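> Both chains are sitting in their own frames, so use the hints and assemble them into the complex.
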Amino acid sequence: MSEGVLNERFEQFLERRIPPSSSITLSQSNVFIFPTKTGFVFGFFIALLIIGAINYQASLVFGLAFLLGAMLMVTILYTFRNLSGLRLELAESRPGFVGEDVQFSVRVVRPSGRGREGVQLGWPGSIRQWAELADKEADVVRLYVRGSHRGWLDPGRLLIETYYPLGLLRAWTWVDLNARALVYPKPIFENLPRFTSGRRDEGVLVDPLGSDDFTDIKAYTRGDPIKHVIWRSYARSDGRDLQVKRFTSYQEPRLWLRFDDVQGDTEARLQRLTGMALRATREDREFGLELPAMNVRLQPGIGEAHLETVLRELALYGR
Amino acid sequence: MAAEDRAGIGSQIPRNALALLMVAQAAVVLPHAMQLSPWIIIVCFVCGCWRTLVYQGRWDFPSRIIKAALVVSGSIGVILSSSNGFSLEAFVSLLVLAFAFKLVEMKSRRDAYVVIFLAYFVVATEFLFEQGLFVALYEFLAVIIVTAAMVGLNQMHTRVRPMASVRLATSLLLQALPLTVVLFLFFPRVMPLWNVPVPGNNAIGLQEEVSPGDLAELTQSDSVAFRVVFDDGTPVLYKQLYWRGVVYNVLEDGRWKAGDVPPGQPRIRMGASRQLGYEVLLEPTAQNWLYGLAVPAQLDARAKLTPDLRMLTRDPILSVFRYRMASAPGADFGVRLTEPEAQHETYIPEDSRNPRMDGYARKLYLSNPDTERFAEALLSRIRSQPYHYTLNPPALPRSGYIDSFWFDTQSGFCSHYASAFVYAMRSVGIPARMVGGYLGGELNPLSGHLVVRQYDAHAWAEVWVKGKGWRRYDPTGAVAPERVEQGLAAALSSQDRQSLSALTNARMGDTSMLGRMLYMFDSVEHNWNMFVVGFDGGVQEKFLSRWLGELTPARVGLVMLALGALCLALTALLLFFRRRPKSRDPVVRAYRRFVARASRLGFAQEPGETPGAFVARVGESVGVEPDQVQALTTSLEEALYNPEARPKTAHELSRGLRRLSVRLTFAAH
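Going down the list, the protein sequences come from chains A and B. If you're matching positions, the first sequence starts at 1 in the numbering used here and goes up one per residue. If you're matching positions, the second sequence starts at 1001 in the numbering used here and goes up one per residue.
Chain B on its own, in the form it takes in the complex (with noise of 0.2 Å):
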């Protein structure tokens, strides 16, 4: 670009382009307030004031000595403000630093681009912390921002109208989006190449461990967990849906864990039970287990079925997963249990010990000797007694809580009873373990899917029975049968549905126009979800292969150039051969009409003839009488410049023309 920079103003920036540049530094940055230190978000905000102050000169550019000691402050702040090492977080707070820094130093065009490439940068960063839709309109918004200073950059410089190179980065870029729709579907989606640094855990939901206010929480939470498409209808029977997910079988110092993979495989006898297949697309958890319904049959590829069925992937899920697999209700699981598993399972250390409960356990169970009588006898205490369901239960002693809660609180949440449960059963010696994961949804009526959310998150208990392995134990149905039956806020009492956040169909209902909003919002989040976010290598070939059948590169290769060229040839034909606007006046329309059949005969309108000169010289050249064409231009003059005779006239004038030019016609031939 020799030529260019050798033209002077070629290598300034023009004031239209940092104007829409200052504003491209702000779109860009404020969603990542979300997961940078704030004071980063300061620095950038600083720093476009400086910029501001350069341009309307009452401040200086940085000198080279205070820009090195920026860079190096700067990149100890990061290093010194990120927990771990090189993380993802640190690049982009780098990253969003030397645009900030770029942005004061910039002085020429070529400074400009780097810092329009940088925001780029910045945006495309973005989605790898948060990818939903309306962050994805949001920086599609930004997108057009940043071309639109990069319009400005080729701009003259005299020209101060930034809306209009904001108009024009618009139709840019939404000319590019039916070609870009080519691409995403059609571009080869191939596995990562190499291991990078990934987002921290900045998502909600189950941890690793759990103590029992934990799960309350949650239920402070609307944000959704997962979405579910059932291959053939949603089962209606809400009990039916307990979403496993974290088996938690160790309880160490109170509370309870997560415990190491057990070796060995899942034993699992299907019996004659009927498969249920379905979709889920698991938002972000951090974790690395997926959440399915018992017992998993079938299982996407991707995850391994641990002999206590959980299902692990690899890494930690940090972007939408999407995965098939399909479950069997009325399987059995784990029914011989060998002997290290029932030790591990019944296992309580020391310093756990709930001494009341050991001993009112021991009792009921010399009178109920048997597994099922004994679970039995426990749920029927809970019936029995004035136990409560609550989120905000009374606060329990950290060592002994079990001890509290059971006899002399007696109100808690899920948690509370499963591992009261599940240590009552252990201090007898039946293995028993608490679950962790989600209990209902909602059923979205627009699109016919399942919507879990974070205050669907459940925790129940699983307990070995002889000869017939691993059974689910649900002591919450015991103390509130709703919570189990229709969701969280039937559960509830009203004092304490005012804690769940407010736009929630659990707190509106279904019935009201919100709620039926909110079912709208959901529907289209989770086709986002489906078809955008949760867009893989899998689901693209399922999808081109229904189109396109056998799959080769070239055919793939083919379809993709074909329509590619057709979606820029469309943006041609609106480019090139826009109409011209047609007028609203009939006569100046039937006037164009005359012209444009005249000149197709040989009759070319001279550049400086009149209307009327133009209509009497055909008029006369084809022989009409001159009385005629006189009162023909007579009122063409009129109906076009006499806007009080238009309507009159108007009509007549059309005819007239017509006529003359059917003469024409008759007369060329």
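Next comes chain A alone, as it looks inside the complex (with noise of 0.2 Å):
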């Protein structure tokens, strides 16, 4: 049988052993245990000086091994004690960059009484974190995980361990939050088109002293650029009507930001997609959404939120 059949069968074990909720508590059914690698050599160990006391026919010797041995088993009662009862939500997941880690916070409760030391949280292959249930009756643990593409991160089952309190049993469940988050596109800033692109007739001013439309000819005033002066009616006036042209810059106010207006394969469009998203946010622009593959038209709009809704369909385009 190979390792992911295995696995495969592990998982449908879990699944139906510990079903997905959003809030699990824990208890016999859903809490594994056994001996760590130094528990084995504890029991090795163990098994030693029950040989010694059996050559040294020494009573006391026997005693401790036995003690000792008891205490193992006294242990487990220990171990399985630490998680019992610890009650788990997923509180918060945070949104990412590909590239970047992903928070999600998930808060460990106890029962009231005696405090729990030791434990930890962690996804697979991500760092464990230890939930501070000494002194507090709950704590919230923030995990990361790595966002690698796009689109909807199941950070999978969460882990939760201890090896409290001697460290040769450890006792451990893995649980199905429902934890998920979205992972946005890893934004480009470099060779953004312009914003400064719009059209007189749908656009408002932004810079009188632009330099894209011409506007009308006025009379020179003082602090007008020396190079919009028309210097042939300066000539043919000779010297007396100094005249400068006016140009205006417009630009758009509602900022379109078109599937089909940037290069790139598929995931650079959307790249650059975030990457303009992001800036017209940090600019206080007013910009809208289109990506007509999916049908997707978003009116424009402004702020925070309307940059997550952006975010949002940028992440899941084609999931």
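In case anyone wonders, no lab produced these hints; they're calculated from the structure. Predicted model, so just to flag it, every value in this text is computed and none were measured. Where a beta carbon is used, it is the ideal one built from N, C-alpha and C, also for glycine. Be a bit skeptical, because a hint or two may be false.
No more than 27 Å apart at the CA atoms, straight line, and that leaves these computed lysine-lysine pairs for DSSO-like [claimed, not checked]:
id	chain 1	residue 1	chain 2	residue 2
1	A	Lys37	B	Lys1102
2	B	Lys1542	B	Lys1304
3	B	Lys1239	B	Lys1466
4	B	Lys1239	B	Lys1468
5	A	Lys37	B	Lys1107
6	B	Lys1468	B	Lys1304
Which stretches of chain B does chain A cover? Using the computed rule of at least three CB atoms under 8 Å from a CB of chain A, they are [to be verified]:
id	region
7	1089-1098
8	1143-1152
9	1220-1228
10	1532-1545
See the structure below:
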């Protein structure tokens, strides 16, 4: 049987045994327990003591070996008790960008009374965090997962484990808190198309002394740019009549981020659009999003909430 | 534990654990100070200080070169200071050194676990030297500290409460005790699998050789030689209790020695004498003979009875040795003596001759030509002449000391009298030998056993009488009858008594408060030896078959499993169903009862609801008059939050709440 099949079987077993739920209380039905490597060494060490006791016929060496063995048995109860009764809830999951750590907050609540120590949490393959439950009844543990690709990130089952009190046994469980978080495309900020490219009819004046559109001619006043002076008319009027051309810059007030307007393959385009959306929000611009292939047309808007809607569409493009 | 290592902090040793490990090191090494060379203890101390300095950042971890140098020089040191090759002491020295060095160099949690396991091992080796009750209690405390260090290793680094770890370790170990007892009683005790190096000789007691001054030294010691439990009460006659151990039948260079075991079988004529059955718990002697009353009639299978009635074991006695035997005090032995035996037991080498004694004995024998009469004549000389019994006799010359004792100084200890007596016998050709052992013992009135201590050590003579065999003669009885009839303390002058160890009943007498306490300690220690240290395969079999009947492996295993599971289940009950602490306030108790009852009937207190609001809601819903509800809630809030009002309203309030819950019950049905 290959490892993949075994893993699948184990997943199925867990699915039956500990079904996904946003809040799970640990009990004997969902906590596993097994000796650690140190625990096995300890067991071997006890066997050594017993052999020594037999050879020396020393009752108290027997006694010591049995005491340590009995302690190992009692530790099973202690280690299990350390997890038993803990309630786990998903407190919050924050979206992130590809390549960054996505944050999940898990709330661990213990029953009132005895404090718990050495409770560790972590997603598979990530760093374990300790829950501080010795003096507090609840702790929020922030766990991070590297967002590897855009879309929904399912961190998998959460591992809760403890080696407390002796490190000879490990009690653990895998719970599925239905945790998922959005991972946005990794933004590209380089070589974005300029935003100052709107047309006069639908733009707003953003710079009366811009350089895009010719507006009219007016008499020179001090301070006008020299390069806008109409030297030909100045020469024609023999230096009496100094006139300048007036240009203005217009910008489309409602910026449209269009999938078709940006360069590159699908992912690159999404990354650019992400970059543009971020920049527009930073510059306090109103912007809309058009993803024709997906029939998505988000009316222009502004602010963090709008940005989140846009990024969500970008993250879930084609998913 | 790859996952643990990845956790970064997981591989460091928390401060808490480090502090506890340092204490644990001191605790487990300390008792070894008795057995190991002092330099090893000093090395341990230095290593402890070194680690402390490393922790404080004032010194560095040892470099690889220093580590290698330490290990090599330590091993060489052990080899040099061990006198007899690879002994147990050498092994323990190496273990303790490894433990100390590992403590200095440990950095990771894995190292810390190695140190912890070594610490448990050091505790175990201490039990090879000493298994007394106090040592066991001490080591239990040491095990608690070592375990607490292990707890500390699994706590958060921010936790610096060593006492909390110690408390946890204590309850862990105390809760493990019942299961330990089950394992101790039921785990099969098998015979040794192979031979092991044994602890060196630091036991005191009678030796293979004796020169006259030796026994006097033993009387300075109050340590227990052995304890005896008689099958049916202790014989009251003190002077019957001659505990025979070693037979000194070779005179060599002025000293008496235990000769080689003569060939042949013991020749015992039982006659009609009564047998006395008893069990002995012999403390370690590092010798291979057992003690018992003459004449051994039944003997433990692990010992062999020689023709001169020594009881020899195959190996030296290194831990408490428990054996059963029966003696027939009236039996005769060695009635017919073979010629080689007669020669052997009359031999006096030329360099050990005492000419004045020879002449005196020959003359005395001429006028008393019968063995028994001759012996009587010798004893009556001791009685009539100014002989003294003392623990501090004047110094005697090395050669011819029997002459100077018998004729000049005339004061000595039991071995002086016995050796002079035996010498006189042999010099006229009567087979005689000296016997070493103990005389008497102290009856512990609490548990009824007899304690024989080192200061009861005694030497007497055995003389072969034609037609009767070997007969015991105790010349000490002639000079100090009190010694033979009442014990050492009675026979000594007050000056001599001062030299006895202070804390013995011989010194204290039985009546004082302290004397009774000494008996109690002795009782406890005796029971410890009987039921713990002396619990071997034989005792186990007897014990288990009394409870279980026929012993089959399946039956023993099942009972062990069942009892073990029971112990664990009880511990689990203790751990998981600890009752919520009862409040001492009657109002709070009454309110809690009310809440519990109401919730059973379907009225749960809402999370944000105050007690008053809850009671009001319940009261209204079962149709209590509004003003009654009002009165109840007011007095409840008063009682809960106004400390001064409590005593007055408590009783009334409890009744109100009880009435309300009765109403609730009726309303619900």
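> Against this structure, judge whether each hint is valid.
Cross-check of the supplied hints:
For the given pair, Lys37(A) sits about 20 Å from Lys1102(B) by alpha-carbon distance, which is consistent with the 27 Å threshold. For the given pair, Lys1542(B) sits about 23 Å from Lys1304(B) by alpha-carbon distance, which is consistent with the 27 Å threshold. As the CA atoms of Lys1239(B) and Lys1466(B) are separated by approximately 24 Å, the hinted pair is consistent with the 27 Å bound. Taking the CA atoms of Lys1239(B) and Lys1468(B), the gap is near 21 Å; set against the 27 Å cutoff, the hint holds.
Only pairs whose Cα atoms come within 27 Å are accepted, and Lys37(A) paired with Lys1107(B) is accepted, the gap being roughly 19 Å. Pair hint Lys1468(B) plus Lys1304(B) holds up; C-alpha atoms about 24 Å apart against a cutoff of 27 Å. With 0 residues carrying a beta carbon less than 8 Å from a beta carbon of chain A, the region 1089-1098 of chain B misses the three-residue requirement, and the given coverage is violated. Only residues whose beta carbon comes within less than 8 Å of a beta carbon in chain A count, and the region 1143-1152 of chain B has 4; three or more means the coverage holds.
Three residues within the 8 Å Cβ limit are the bar, and the region 1220-1228 of chain B against chain A gives 0, so the coverage statement is violated. By the rule of at least three residues with a Cβ nearer than 8 Å to a Cβ of chain A, the coverage given for the region 1532-1545 of chain B holds, with 5 such residues.
Hint violations for this structure: numbers 7, 9, all remaining hints satisfied.
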